[in-house]
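Protein sequences appear in the order of chains Y and U.
Position one of the first sequence corresponds to residue 49 (the numbering used here), numbered consecutively onward.
Position one of the second sequence corresponds to residue 1203 (the numbering used here), numbered consecutively onward.
Calculated directly from the structure, the hints in this document are not laboratory data.
On a predicted model such as this, the values are computed, not experimentally measured, just so you know.
Cross-link-like lysine-lysine pairs, in silico, DSSO-like; alpha carbons within 27 Å at most: (1) Y:Lys-105 - Y:Lys-92; (2) U:Lys-1254 - Y:Lys-92; (3) U:Lys-1270 - U:Lys-1254; (4) Y:Lys-105 - Y:Lys-62; (5) U:Lys-1262 - U:Lys-1279; (6) U:Lys-1270 - Y:Lys-92.
Short derived list, chain Y residues pointing at chain U, Cβ under 7 Å: (7) Met-89; (8) Gly-90; (9) Phe-138; (10) Ser-142; (11) Phe-154; (12) Gly-155; (13) Gly-157.
Glycine included, C-beta positions come from ideal geometry on N, C-alpha and C.
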Amino acid sequence: NAGVTQTPKFRILKIGQSMTLQCTQDMNHNYMYWYRQDPGMGLKLIYYSVGAGITDKGEVPNGYNVSRSTTEDFPLRLELAAPSQTSVYFCASSYWPSGERNEQFFGPGTRLTVL
Amino acid sequence: GDSVTQMEGPVTLSEEAFLTINCTYTATGYPSLFWYVQYPGEGLQLLLKATKADDKGSNKGFEATYRKETTSFHLEKGSVQVSDSAVYFCALSDLAGGTSYGKLTFGQGTILTVHP
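Full structure from sequences and hints, please.
Okay, structure coming up:
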């Protein structure tokens, strides 16, 4: 049982390049999330999904896109990388968004640098 | 909107010292409250949680009590170890207003370093 996996672990991009951050979970969770963590700050929500085919914007969606074609996968796409997108990106999933089963499981993160 | 405020860090302690990390929150509804821990080079792990007022979450010697009257969820441990060195995040999940997706609102994190 791998939990939440993310690839790559590290990446350096040039301004204007594109890339996709991969996220996969094997817990059959419906809810999935993408966060970014900037130095000295808490995590901020970029996009989330409540199930296959359903996605919506979080607090900081500009410059990103997502898709959710399967329950397991929730890739995050950067179309035109900018220095402001230098951050650590975390994917998370949960079985249910409330009550006793409201626990988000996090992947190990992708450290992205845009130069 | 929702917000979480944690005490400023970093916090440096000697092994076996008492730990308190303060956390206060603002929310429109009746949030669930969480403490997450991030060890160096790793993702966040849930440390403990509380889903209603006066609940106490506990795990690995850490405790926090959901205080609605003071809107607080302070993290405590009686005797810290070197292995507790990590970044600790307080967070809330608020389902008020029909936002049923469980978004977490995080504090800025507190770096804890424990020396032998």
